[in-house]
Structures are given as C-alpha cells and as structure tokens.
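Residues per chain, in single letters:
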Amino acid sequence: MIEISVKQSRPNFTLDVNIKLGHGITALFGASGAGKSSLLNLIAGLQQPDSGRIRIGSESLYDSKARINLAIHKRHIGYVFQDALLLPHLSVRSNLRYGIKQGGMEFSSIVEFLGISALLDRRPSTLSGGERQRVSIGRALLSAPRLVLMDEPLASLDIERKREIFPYIEQLQKKFGIPVIFVSHAIEEVARLAQHVVVMRDGKVVAEGGTQAVMNLPDSHTSRFEKTSILTGKPASYDSAYGLTTIAHPAGNISLTGQLPHGKTPVRIVVRATDVTLALGKPKDISARTMLKGTIAKCEIDGSPIAIIHVKLEGGEELSAALTRKARDQLGLDEGQAVWCLLKSVSIDERWIAST
Amino acid sequence: MNLTPEEWTTIFLSLRVALLATLICFPIGLGLAWLLARKDFWGKSLLNSLIHLPLVLPPVVTGYLLLIAFGKKGVIGAFLEQTFGLVFAFRWTGAALAAALMALPLMVRAIRLSIESIDQRLEGAAATLGASPLRVFATVTLPLAAPGMLAGIILTYVKALGEFGATITFVSNIPGQTQTLSLAIYSLLQTPDGDAAALRLILLSIALALAALLASELLAKRLTRRVTGTP
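Protein chains in written order, with numbering that gives the first Met the number 0: chain A, 0 to 355; chain B, 0 to 230.
It is worth saying that the hints were derived from the structure and are not from the lab.
Each residue gets a CB set at the ideal place from its N, CA and C atoms; glycine is no exception.
Any given hint could turn out to be false.
Said to hold, decoys possible - To list a few chain B residues with every Cβ distance to chain A over 12 Å, as calculated:
#1 Leu31
#2 Leu49
#3 Lys71
#4 Leu141
#5 Ile205
Stated by the list, open to error - Here are the simulated DSSO-like cross-link-like pairs (lysine-lysine), alpha carbons at most 30 Å apart as the crow flies:
#6 B:Lys38 <-> A:Lys64
#7 A:Lys343 <-> A:Lys233
#8 A:Lys203 <-> A:Lys73
#9 B:Lys72 <-> A:Lys73
#10 A:Lys325 <-> A:Lys233
#11 A:Lys292 <-> A:Lys311
#12 A:Lys297 <-> A:Lys283
#13 B:Lys38 <-> A:Lys6
#14 A:Lys233 <-> A:Lys203
Throw the hints in and build the complete structure from the sequences for me.
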C-alpha cells in the first residue's frame, strides 16, 4: 500500500493530493500542468512538499509531523524519466550497473528481458528513443526498487516505439511484482496499461478508481477525442482466412484484426467514443462488423455541437459514443432507448488491446 | 637555439611555479565553483566579487596585499612560519601563491560554467539509483564538468606562466629564486644590450604558451567526445 497525502504551494499553483494506491500499475492522468510530474518528484524525493506524508507499506519516506524526510538515495524508488536521462559519459553497461544492488535482480536476466544485450557497449547518444527508454527501465529495475515511477515514459516515442515499450511496462508488474506509477496524458496508454487511474486537474485529484470505472465517468476527460470506454471479453475464435479474431461479449461479438492468444484470459479493448456509431435498429447493409446491443443510460449534452451518449451494453459494461448534437436530436435519442452500437474493426489495433 | 644554464633555470623555475600555482588553484577553484554553481547561501554575491577581485585590481595592489598578509610580519605569514615553517615571501612558492590567486577567477569561472551547464536532473537520476551526494558528485558532476576543469587548469597554467605584477611585488625579482620568464624578460629589457637575450626568452615564452594552448585544444576535444559519447 502506497499512501500519499501531500500539500505543496507554489506561486500560482497548489498541489493537494490525498490518495492510497495498491500494488498494480497506477496511471496519473491529466493535462500538462495538472501536477502529475510534481507528484512523482515528491514521491522520489526530488522535490519536497510543504506538509503531509508519504508512506510505502509501513515505512515513511516523508512525514512533516514526525520530521522525516528520507534522502533520495535511501528511498529505493526507481525512476524512468521521459527523456531517459541516461548518464551520457557512461556506456549502456555502466548505466545499467550504476545502481546495481547485491541480491537484486540478475544483470543478465534483465538485459535479456529487455532485449538490450546488443547495446551494452554503446553510448546513450547513439541509441534510439525506444532503446534509451528500455535501458532506463533496466537501470531502474537493477537498483532493486520497491516502486517504479515513470514520467511520461512513452511521450517522446513514435507509435512504433510505443508498441515496443508497452509489453515491458506491463511485465514490470506482472513478472517482477513491482508496483508502478506512471504519468501520462495519452488516454490509450492509460487504458492499455493501468489497473488504477488517478485523474488530476490543477493540482488536485478529480477522479480515481479502477481504470474501467474511471474511463466511463462522465466528464473525466477534457475532449471528445479522449473519451474512451473499455470493454472486456474473451477471444472466442480466429478466422485465419481473413485474419480476424472474434471476441465474445454479452452484447454481441466484437471483431478485431489480427490474432489474439485465444483462451481463458479476457482482453481489454479500448474504444474511442469517436469510433462508435449508433443505430436505432440493427442495420444490415453496412460494413461495420461489430454491433453491440444496449440501452442509453445518459445523454451528456451541453451547448457544444457534440453530444456524448452513454450506452449500457447488455452484460452491464458501458460504452460512450460521441455524436453531433444534431444527429442525436434527429434520431430522437434519449435515455432508456434501445440502440445498436457499431464499431469499425479497423479502428482498433493492438495499441488498444491489452490483456487483463 | 642553445640555451644557457641561466635560461634553463629561468624556464624550469617558471614551469615549476606555474605547476604549483595550478595545484593550489585547482582544488580551491573547484570547491568555490561548485559552491557558486549549486548552492544558495547568504553572501554569495560577495564571495563571487571577492574571487573576481584579482581580475580587476591592479596586480601591484594584489601583490602588496599578499605581502601584507603572507609576509614574515603578516598575520597569516607569521602564523604559517611559526607553526609549519612555511615561508612564502621572496620564495618561489610565493610566486606560485601570487600566480594562483591571480588565476583563481579564471579557474572558478571555467569550472562554474561547466557545472552549471550540466543537466541537474542527471544528478537527480543518479540519486534515485541509490547514489549518495558524494558519489553523485564524483561519478556524475565531476566527469561531466571535466572539459571545464581542463579549460580552467590550462588557463591557470598559462596565466601563471606569464604573471608579472603581483609576483614582482610579493616575491621580488631574484634570479634563481623568484625570477620567472616574464621577470627575466623585464630585467633584460632594463639592461643595456639586453635586447637580444630578451628576444630569445620572448620567443621561448611564445612557444611555451602556444604549446600549452594547442595541447589543451586537443585534450578538450577528446574529453568532450568522451563525455558526450559522440564518436
């Protein structure tokens, strides 16, 4: 259990956070300037709060009342920075070994896990962004941390490199049992990686909870492009002729491109509200392969041209659809109405799918 | 160009003085540079001004102040002589002390700038990996500031080779004792028919200074390549 209760006042900005986090992967989500990185720095000890306390398990890292302020190097917290911050004058090998602990993880197994054995003798300046980030993860892991902080570890990477790093972050927690707190302002990263989400705005926590629940909350994001929902289901079959996987969902089958490991573990599918089309009856002559049945739970309408429709799918999961207000009015959509939600299979690729 | 024994003496003395001056100046300069670059404290501007004073004061004044402080009757000089038997006035060590003081602002500036240019987050990153502040200083700050330290050392050395005003005021101009190259040139220029001999020493000092600068250029390139890891 990680307990964070801190206050920090700066000119024009006040951070006031009070959260308890479990052992999974937690995302700190919010626009830039919301105080996410500051919070990480407070946990790592790179900055000091004005008051409050930070505890991991039973140990206090910071406690203003008890006058405890553990030095950075005694906190045993791994930190993966957005720009990796590898030491430029050292080789990859020396960077990895810099914080190595006796009785910690084996050097060779970490190198193998991250696939960086070919890079060991290179200098950080010769690495690509994705390679740097993997070395940075390895360096943090080898210091035997009890918690890993990641400050927008993927922000400086392009899509391909992001895909390259995703599995490693997922594995951190699964394989090594180390809790992870990562900062992100990209919804797909959060939806894909986190089990727990803390949404921050202006230095305060505005929502927190399980990823699925938080994502479906009305008004937890800033724009319609960030509005997403998470559906879960088990891969039921794979059509090799067309390269499509069918996911069984109580509201209907979800068809996805590519092959997913088929079996008992359910997958999480992240659906952007802008990719969802609503229909009153089940359409026939249409290319969308996924049609999910549900009823409208809530229509989020303000003065803007956009309406967000929350649909409660059969089986209980929620799916949000972004429509124009005009379309909503012309179809006469309202709460309690039965609708079909149409998804284009091609709008969902592996970035949007995670194992649970 | 065959050098006379006297000329050799002068050259070796100059090199020795410059070397000792650099040895005195480097640790002090490094400490001060780190303090000014990384710490905030009361009187920081004052300290910075004091360090730069030798750069703007007439060298004669600096030399005279040294004489007052480190002379046999000076507060520090008397103390050092009684407790350690250490004498600076009118000795080659005094010439080194004068040169070190005159070069200190150059040393501090060069190192301070290079410490300030280091991304402090690198030091933070090292700390999160379990490195104590001392280890961070030794393994991150120092190596990354190495090009600036080298520049400071070369500047100090060259400055010490050529120091004149404070040296002649503090330790006088004693051949074989305190007469460095510049003092020897000065003496020769004061002597009738000394021009030819002075010219030899002038050429020599140009060669020495040029060699030092070229060597530093090469070293600096190498060091920078090392530090940044560019091939």
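Subject >> Numbers of the earlier hints that this structure fails to satisfy, in rising order >> reply: As far as the earlier hints go, 4, 9, 10 and 14 are violated by this structure, in ascending order.
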